[in-house]
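Protein chains: 6
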Amino acid sequence: MPEFTHLDKEGRVRMVDVSDKEPTLRVAIAGGMISMNSATFEKIHNQTVKKGNVLEAARIAGVMAAKKTSELIPMCHPLNITHIQVDFSPDKETNSVRIEATSRIIGQTGVEMEALTAVSVAALTIYDMCKSYDREMTISDIRLIEKSGGKSGRFVRREE
Amino acid sequence: MPEFTHLDKEGRVRMVDVSDKEPTLRVAIAGGMISMNSATFEKIHNQTVKKGNVLEAARIAGVMAAKKTSELIPMCHPLNITHIQVDFSPDKETNSVRIEATSRIIGQTGVEMEALTAVSVAALTIYDMCKSYDREMTISDIRLIEKSGGKSGRFVRREE
Amino acid sequence: MPEFTHLDKEGRVRMVDVSDKEPTLRVAIAGGMISMNSATFEKIHNQTVKKGNVLEAARIAGVMAAKKTSELIPMCHPLNITHIQVDFSPDKETNSVRIEATSRIIGQTGVEMEALTAVSVAALTIYDMCKSYDREMTISDIRLIEKSGGKSGRFVRREE
Amino acid sequence: MPEFTHLDKEGRVRMVDVSDKEPTLRVAIAGGMISMNSATFEKIHNQTVKKGNVLEAARIAGVMAAKKTSELIPMCHPLNITHIQVDFSPDKETNSVRIEATSRIIGQTGVEMEALTAVSVAALTIYDMCKSYDREMTISDIRLIEKSGGKSGRFVRREE
Amino acid sequence: MPEFTHLDKEGRVRMVDVSDKEPTLRVAIAGGMISMNSATFEKIHNQTVKKGNVLEAARIAGVMAAKKTSELIPMCHPLNITHIQVDFSPDKETNSVRIEATSRIIGQTGVEMEALTAVSVAALTIYDMCKSYDREMTISDIRLIEKSGGKSGRFVRREE
Amino acid sequence: MPEFTHLDKEGRVRMVDVSDKEPTLRVAIAGGMISMNSATFEKIHNQTVKKGNVLEAARIAGVMAAKKTSELIPMCHPLNITHIQVDFSPDKETNSVRIEATSRIIGQTGVEMEALTAVSVAALTIYDMCKSYDREMTISDIRLIEKSGGKSGRFVRREE
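Chains as they are written, first to last, in our numbering: chain A, 99 to 258; chain B, 99 to 258; chain C, 99 to 258; chain D, 99 to 258; chain E, 99 to 258; chain F, 99 to 258.
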């Protein structure tokens, strides 16, 4: 059973040393969703079709946040990601917007935190853009969907 | 029914002008949770009791992220919050950690995005600190719990 | 004749001390433009009408950059601007996009650098979004158009 | 005729994926200028000769801003530039200061945005340092002068 | 005997809540020094007299770092300082440069961390600018010299 | 005798061009200390043993600051460090805490500024966490202890 790699022998927080790892292509896909009332959903959905502004702002915020991941997460290595993409799928039945982010790099460590950060900040931006309209929007299901590259190989989350 | 205040007449993204608002005491409380498998929960839980390192790192990351909110959320006003607090409640039955953040300011606009950002980044930090152990941790229930101050008055979320 | 207020008697760079200034409403309007070939202009112009993406990205970048002004300009005071707005006027005759930014605050010092920074970064973002198409785009006419508030009173640039 | 590479099929803003590009030496040179009244020019010019403070502050600001390019321009890749240089040529006849910035990297994508950002922020800093003296200074001619490296080969702007 | 105000009852790191404090004029003065071999000192000293570049770079770095204090020190409140000044006194007898920084604000909490951060980063910048010449430079005596404003009144350090 | 590599022939501040350097493993170790009165030392020391909070906050702050080095030190190259570690040794006899930081990268330039920045900000954080208790804490002995990699070979400081 693997141990927490961020804690050294005496329990002190530490950054994993990746100096000796070989750079390989790393890809991570993360997902999440934000749920809202139907009137808010309609507003966002219609915008998506007509002007796309809420989602474009959220997309840009997600991409920019991914680039800031190592400033936000204390033990994350700074990484120059070579690609980050944020996509949205509005789901009318549940009045929610699904968010998916993919990050890529040829590097010494994984990029799942970058994808998860992009999803989280995209969701927060949707909240911020619509909060005057619906204060009870809820962000959920933020999770790693898939990851490849590095010693640990490919991971695909079993979705229920 | 209130309109999206971030969109001007022609649908362009815009920042709300708060220049003429009176500064009042603003408080916001946001919550969220991260769920994991039982072995991971035990690890975190024992740390909390013994050394608190994962949660202390997450707490510090949440506080520092709250101070960066306006760098992350495109239309958020820069604010000098006068207090931000992040608390954790491990729940053994569900193998999850509940996260709650409170932000305060005497200012011209609300601080809910600061509290929501603190919760989100605290959760992402827990994920990062434990990801070598459990890749399937899920962050959910990120939401505004309570908010007061300003023209719109006090809001308390109806929790199911 | 006013002296350079950023240099002390011995020529050392210094920040102006505004501790004793009264907070007043400060407004600044800055302008600029980016010129391009006609094919690029058509692309941007059509986007504006149809999807607005290049300009929306530039608008968001300009707003976010205004919030970073004091990180970029060494002697600028950190300020919590209460409003920043970025607008675009495509001009078909000259194949250029005019950019205008307005910044507002009730504070102890002016916000012209915030407006000028918003214009500059909006222009750079337009360049970045279209550079694969036209490397010779040129940014020009970045200037303060109007400024009010503070001891020095209202300034309106004489436009030729 | 090349298409806008920042827009995917449905017009959504996106970052170009450079994961598969080979790192090569990339060099970019950008230029710009700031014009002012003669009294202000004399002030700056004499400083340059005697103490160089306005221009040294602008130089440092330009270098530091180049390092922040990917934080400012939404779709720019984070890059660890290996060199950035900012130079000034005061031109007495036109009461203007010409600014030139060179950026270098061995990397997967070009560094023209870094050079353009350095020029822009250096110009804004000159404005800020002298604005109490001349509010009508104008920044213009911000453009890419030369670029090499990568698949698209060497570009040299035809200067009129 | 006062308790550590950053630790709550259960030892968790926390930010002090200053929401209810009255804004008053806060001033802090911090000092420090960097010692070097005589050849390096001569180099810096002559630069100071002739061009001042090392010290000007350090001064600008110190001012800019003061503005970033709350990004660096986890529990520091974000503050819009209204003045920060960094001064140097080269001391030929000890081959050292003394650094002093003053910060000011009308605010709800003290600005000593801003002054101490300015001194620290100014010293690090001197080290960086000269490290190819003298790797053994040492930074020392970083301390609060004076502080006023707020409930705790005026503090002046007893210098030996 | 080596020259200041950050200054060009005319005394202008410049960044060293490392584009043509080969990436090699770079390691740097820096040290420093913070001294205090005995009551404060006891407080910190007991925390270290029991909960470690002051030192854990300082450790996290040091790691995060190392990642920000090139934002703080004007002529530092941006680097993606692959490891940074911050350790503390409380010394009861002198009522001081010794701080040591190690940074590592495979890169084109050294990482001593990253280690020195980590030490400095860890020390400032200890000051901030305890300043309500002891305003006269002093930070000293910030220095490079060891450095290897690159053309200049291994350096080990002669400690007195």
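Simulated from the structure, these hints should not be mistaken for laboratory data.
Treat the hints loosely; a few may be bogus.
Keeping only pairs whose Cα atoms sit at most 25 Å apart, straight-line, the calculated DSS-like set for lysine-lysine is [said to hold, decoys possible]:
1) F:K190 to F:K119
2) C:K190 to C:K119
3) E:K249 to D:K166
4) A:K166 to B:K166
5) E:K119 to E:K249
6) E:K249 to A:K166
7) A:K166 to C:K119
Sample of chain B residues facing chain C (criterion: CB under 7 Å; computed from the structure) [stated by the list, open to error]:
8) V116
9) E120
10) P121
11) V125
12) I204
Not everything, but these chain A residues come out facing chain C in the computed CB check (under 7 Å) [unchecked claim]:
13) P121
14) E154
15) I158
No residue lacks a Cβ here, since even glycine has one placed at the ideal position from N, Cα and C.
To see whether the hints hold, each was checked on the structure:
1. Between K190 of chain F and K119 of chain F the alpha-carbon distance is near 45 Å, which puts this suggested pair outside the 25 Å criterion.
2. The hinted pair formed by K190 of chain C and K119 of chain C fails the criterion: a straight-line CA distance of about 45 Å is larger than 25 Å.
3. Our distance criterion of 25 Å between C-alpha atoms is broken by K249 of chain E and K166 of chain D, whose separation comes to about 39 Å.
4. Note on K166 of chain A and K166 of chain B: the hinted pairing holds, with a Cα-Cα distance of about 11 Å set against a maximum of 25 Å.
5. Between K119 of chain E and K249 of chain E the CA atoms are separated by roughly 9 Å; this keeps the pair inside 25 Å, and the hint holds.
6. For the hint pairing K249 of chain E with K166 of chain A, the CA-to-CA distance comes to about 38 Å; that exceeds 25 Å, so the pair is violated.
7. The suggested pairing of K166 of chain A with K119 of chain C is violated, with an alpha-carbon distance near 35 Å, which exceeds 25 Å.
8. Among the interface hints, the one on V116 of chain B holds; its C-beta lies about 5 Å from the nearest C-beta in chain C, closer than the 7 Å criterion.
9. Checking E120 of chain B against chain C by beta carbon gives a least distance of about 11 Å; that is not within 7 Å, so the hint is violated.
10. For P121 of chain B, the interface hint is violated, since its Cβ never comes within 7 Å of a Cβ in chain C; the closest pair sits about 9 Å apart.
11. For V125 of chain B, the suggested interface contact is broken, since its CB lies about 18 Å from the closest CB of chain C, more than 7 Å.
12. Evaluation of the I204 of chain B hint against chain C yields a violated restraint, the C-beta minimum of about 12 Å exceeding 7 Å.
13. Given the 7 Å rule on beta carbons, the hint for P121 of chain A is violated: about 27 Å separates it from the nearest Cβ of chain C.
14. About 5 Å separates the beta-carbon of E154 of chain A from the nearest beta-carbon of chain C, less than 7 Å, and the hint is met.
15. For I158 of chain A, the suggested interface contact is upheld, since its CB lies about 5 Å from the closest CB of chain C, less than 7 Å.
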